[in-house]
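A.B. asks: Chain by chain, the residues:
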Amino acid sequence: MKNIIQVKNISFHYPDKPLLFDNLTLDVHEGEWLAIIGQNGSGKSTLARLIDGLIVLDKGQIIVDGLTVNDQNIFDIRNKIGIVFQNPEDQFVGATVEDDVAFGLENRQVEREKMHEIVKKSLMDVSMLDFRNRIPANLSGGQKQRVAIAGIVALSPKIIILDEATSMLDPRGRNEILDLVYQIKKDNQLTVISITHDIDEAANADRVVILNEGRIIDEETPENIFQNTGQLQSVGLDSPYTSQLLAALKHRGIKPQRSYLNDEELIAWIKQLISKK
Amino acid sequence: MSNFLFGRYLPGESWVHQMSPQSKLLLSFYFVIVIFFANNIASYAALLILIMGVIILSGVSISYFLKGIRPLIWLIIFTVLLQILFSSGGKLLWHFGPFSITDQSLINGGFIFIRFLLIIMISTVLTLTTTPLAIADGVQTVLKPLKGFHFPVDTLALMLSIALRFVPTLMDEMETIMNAQRSRGVDFGSGSLKHRVKAAVPLLVPLFTGAINHAENLSTAMEARGFTDSEHRSKYRIYRWQMKDTISWLVFLAVGVLVLGIRKW
Amino acid sequence: MDKAVNFEKVTHTYQVDTPFSQNALENVSFTIQSGSFTAIIGHTGSGKSTLVQHINALLKPTDGTVSVFDRIITPKTTNKNLKQLRKKVGMVFQFPEKQLFEETVIKDIMFGPLNYGATEEEARKSAVNAMKLVGLSANFSDSSPFDLSGGQMRRVAIAGVLAMNPEILILDEPTAGLDPRGHKEIMDLARHLHDHNHMTIILVTHQMDDVVDYASNVVVMDQGKIVKVGPPKEIFSDPKWVYKMQLDLPSSALFAQKMIDTGIKLKTLPLTIDELADQIVQIAGKEGKKDE
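Residue numbers (numbering that gives the first Met the number 0), protein chains in the order written: chain W, 0 to 276; chain V, 0 to 264; chain L, 0 to 291.
Bear in mind the hints are in silico, worked out from the structure with no lab data behind them. Zero decoy hints are in this set.
Derived pair list, reagent style DSSO-like, types lysine-lysine, alpha-carbon separation capped at 27 Å: (1) L:K87 to V:K197; (2) L:K2 to L:K224; (3) L:K264 to W:K249; (4) L:K82 to V:K193; (5) V:K66 to L:K59; (6) L:K227 to L:K257; (7) L:K124 to L:K82; (8) L:K75 to V:K66; (9) V:K143 to W:K113; (10) W:K157 to V:K234; (11) L:K97 to V:K193; (12) L:K224 to L:K243; (13) W:K249 to L:K266; (14) W:K16 to L:K97; (15) W:K58 to W:K1; (16) W:K113 to V:K234; (17) W:K254 to L:K266; (18) W:K113 to W:K184; (19) L:K227 to L:K243; (20) W:K254 to L:K257; (21) V:K263 to V:K90; (22) W:K249 to L:K257; (23) W:K184 to W:K119; (24) W:K16 to L:K106; (25) V:K193 to L:K106; (26) L:K183 to L:K232; (27) W:K185 to W:K79; (28) L:K183 to W:K249; (29) L:K97 to V:K197; (30) L:K227 to L:K2; (31) L:K266 to L:K239.
FRET-style restraints, in silico, Cβ to Cβ: (32) V:M170 to L:Q83: 23 to 31 Å; (33) V:P70 to W:T67: 53 to 61 Å; (34) L:N196 to W:N223: 38 to 46 Å.
Derived list of chain W stretches under chain V, where covered just means 3 residues or more per stretch with a C-beta under 8 Å from a C-beta of chain V: (35) 88-98; (36) 105-114; (37) 130-138.
Keep in mind it's a predicted model, so treat the numbers as computed, not measured. Ideal Cβ positions, reconstructed from N, Cα and C, are used throughout, including at glycine.
Could you build the full structure based on these sequences and the hints that come with them?
C.D. replies: Have a look at this one:
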């Protein structure tokens, strides 16, 4: 499998702070949905900013789709990566929805005629076309995040990074945004990196990386990550719902073979228990 | 606070909305200049009628508009009071210590009040009917000649647009912070001047901290979206001079001439 | 039990017929008992925040009356003499860390008590206590609140409200943006304050799991009206209605629904993991245990 992002032996520290990353290495496969989980302060968002060249490495190298992240390549790299940030308010640059979607296109000096076409199409992709004249003050958080996604789709990137993009939304808004990104990923064959502390979001990823105090402590499929509930707890994360239910059953004397099953597997297993009765 | 209109944009399709921002901006400047030529009741009345007409054409109800600028009117009244109390000349009507009121100062105060009111009205109409981005574009076009002197016109325009875009956000935040501090026992509206200044600290510190946070996050987001400098960008919107602009200019020029004709020379 | 809060036909209108008109309260009547743990739920924009801001008179009814203990607020109530009320009703806003402003943590926490007339010494004592309650080490007392992590700042802000020793504590989405550990710490604090300090807790939330795990009484709002009041069991008993209110089911009910959809029969819709696990043990019976 091709690695679309290679993070090679990087070190990084914020001014006046101890080393956050010390010789960190991570590959992101082309076309995968990678969840990076960890509690606040674990370095998740910093990693995203390093990949996009928004902050500068101390040591090591990051390669994005064949290009090393450095001053010369920075704009080509930002053409390949779109980031949805945490705070919906603080990434809304335009005066209205359509102006905001156009912002990235204007930066790339796209022709006006073409820009109008792309803006319209992108807003349709996120079902926000009817809102194109709205001002940010009259949009919900979820709607603002949709606009942010439209602004990214407009630039046809290869990679979307969700930097805790759903953490300030209500559960409904969160699910809608995730469903939307799934759809866009599928339609455009994108790679998605979702930085999150929502374990249920991670459960739907192809691969999960646990980051704790700047170190990768595990890198596996969700199924395998979730088997180790102790590890999740030790880094301050929840275990997935099904694991919690399995633990409660175990406590009541029913012992499953594994400590993580997805919804379907768990229901099948419960059915089996009942039929044995 | 949420009915405060100054600096807000109200989406719409009215006559005024459809005018080009450049001509709205220039007309506003022009209007302000004309205000300073007015010096009697007739000339002020002409300007008031004109601005009322503009407000009607902007599709905003007048009572709503007046309510929206009320917080600023207190500010003007305060200024005008100072003006009245400290100016001299004319027939003395009342005095106490350093304060005095004369018939002349009353009339002057009244005129100053109307002047301020007119300025606030025209600038509120401007922001109500023009998106922040369009205002910024207008500023950019109007200031373009300065580019020759290496004046950062584009950057200034973009800064202005973003600043205006964040006005409602910061207003809402201010309201929340005020409520939070009220819940902690702060009384914003009363007490001595010293007390009021002291009460402003728990409001202003969080407000500025928040604004700085917004600015930091925003600049990161802008950079991530490929922003480098404000000059090498294309434009999503263009604003064409329209019949509406021509007609508006003709009306404004006519009123200007009228004011010059009826003012006291 | 005594009534802590009582709404009597309360209506609140924010600038009617303006382009910025915001949702209002419409003829809202309900009671919160002293010492209860009440959750207020409803989709975004249903009027939850407007409702709770009436409890400490940040907003006043356009019509109707709000009583908080023996204090009655009507449309005619002036802004004077609200201090005694506001002292009794602690209000933790969404993202309360945004209200911090003092140079040191301890000063910020003492701010409320001092405003309410406490002496320097009393205020300090309350602040130290509040820091203990929220689990902030005394070492932070002289740090600048702006040097702390997001989760710590939030706890400082909550301590600043607790230091006023309120009898009613309103928490408006107190865990928004926190990681799971931070979330649990704040929610457990709310439970502690309820159980041990006998505070009346009013929680505004979107997290249905918190509603069933912590609250004993639930108020459901929709379009400025109260559409249902009752214990969690009653509120979530009709999933279709819950969805109609644009709300979600708690995780356990959601999972149980999935089980039911595959043909497994459950007696009642379980709301918590323990309830669901108990039911599974019941229907799977001892046979299940033989798996061991």
